[in-house]
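Working from the sequences, and respecting the hints, build out all of it.
There are 2 protein chains.
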Amino acid sequence: MRNREISKAVISRLPRYYRYLGDLLNSGTERISSGELSQLMKVTASQIRQDLNNFGGFGQQGYGYNVRYLRDEIGKILGLEQNHSMIIIGTGHLGKALANYENFNRGSIRIVGLFDVREEVIGTKVRQTEIRSVNELPVFLKENDVEIAVLTLPKNNAKEVARILVENGIRAIWNFAYTDLNLELPEDVIVENVHLSDSLMQLTYRLHAVENNGQ
Amino acid sequence: MRNREISKAVISRLPRYYRYLGDLLNSGTERISSGELSQLMKVTASQIRQDLNNFGGFGQQGYGYNVRYLRDEIGKILGLEQNHSMIIIGTGHLGKALANYENFNRGSIRIVGLFDVREEVIGTKVRQTEIRSVNELPVFLKENDVEIAVLTLPKNNAKEVARILVENGIRAIWNFAYTDLNLELPEDVIVENVHLSDSLMQLTYRLHAVENNGQ
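As they're listed, the protein sequences go chains R and E. Straight run, no breaks: the first sequence in the numbering used here ends on number 220. Straight run, no breaks: the second sequence in the numbering used here ends on number 220.
Heads up, the list lumps identical chains together, so a pair's fine if it works in one copy or across two of them.
EDC-like cross-link-like pairs, simulated, lysine to aspartate or glutamate; straight-line CA separation at most 20 Å:
| id | residue 1 | residue 2 |
| --- | --- | --- |
| 1 | Lys47 | Asp185 |
| 2 | Lys13 | Glu216 |
| 3 | Lys164 | Glu189 |
| 4 | Lys164 | Asp193 |
| 5 | Lys130 | Glu141 |
| 6 | Lys47 | Glu189 |
| 7 | Lys81 | Glu216 |
| 8 | Lys47 | Glu192 |
| 9 | Lys81 | Glu35 |
| 10 | Lys47 | Asp193 |
| 11 | Lys160 | Asp28 |
| 12 | Lys147 | Glu165 |
| 13 | Lys164 | Glu141 |
| 14 | Lys47 | Glu197 |
| 15 | Lys164 | Glu192 |
No wet-lab data here; the hints were simulated from the structure. Quick caveat: nothing in here was measured; it's all calculated off a predicted structure.
Written out as structure tokens, the structure reads:
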């Protein structure tokens, strides 16, 4: 498989396929045509065929897609069959919410450490995991096999912490801080940004636009 | 302003412009060319010009953009100068994290109600706001002016609650449940989905892809 050639747009759609196929499976649907899947997901059938052809197709002429097989294959492509270890840096409300979520990637994500800069929370626990000082990060990363770091801390701390993480071997950052980190990090570091504020701004834009058009 | 014609792709980029312009302002930058902004944001200068031309341009030949003016104008377009009232339905860890965040849309979002289905949390408070039963939603929405509802509850509850919200006049939903809600709601209801799981799956896909290419 030559993953390098798959566009970011295709990748961004894979989890959605995975989700819809899971829903179909739960409702007892065993097979589905690209036309039916198209109606359900509100994307064109040709888009679906093109997207899935990137990975070899999976469909059979005149039969459509086997729902379970297709979902499992997409799950493999998304890395859900592999275990990944993750640390969370920043244990405010959002960091705690993520630390308490059990089923990321169908349970294949293991949270192995929590870190914070605030003296008053260091040494306390979330679930069974003790919150450590970010100063311990370099040693912790040397002694433990960590693949993913989650940043749930203020923007300015995020940049500095990201630098430390990358210097100590982290290659994937799930970033919730209000910055893209793109100026600070080497290009081979994988950064997925979740900007909740951006999403809410799009919502209020659309509210605003509807009001203006209604005048 | 003819908002109706602006594409979803352009809208999705506006909060990012707003963020970068805010950073520039904080670092004391008063004006910037589309070329400089392009380098910073890693999008083409022509994309920037095209995006901003949707709203009248804002730039001056030979001068570039006035950072503060441009940021303020984009803020207006995004609805940040208007107050919006919001309720949160589902007060688990994520719902609480959102309820505790003070500065959404630069403080223009007011959280006016919290709701849950779980008997054991109804009547308790998050900050000063009491958690009510979802059964009270219809009456609450009749008596209060609510524009935005946040859904931070399991997928199956989300569909049913979304139906109740829309029946009672809600026209904008910020959805964190693991479903798009697109089958259930009228087309004029604005839904912004935040699927944290999808984002994490893209991250593990990319980790996986790098490992495969490295073999």
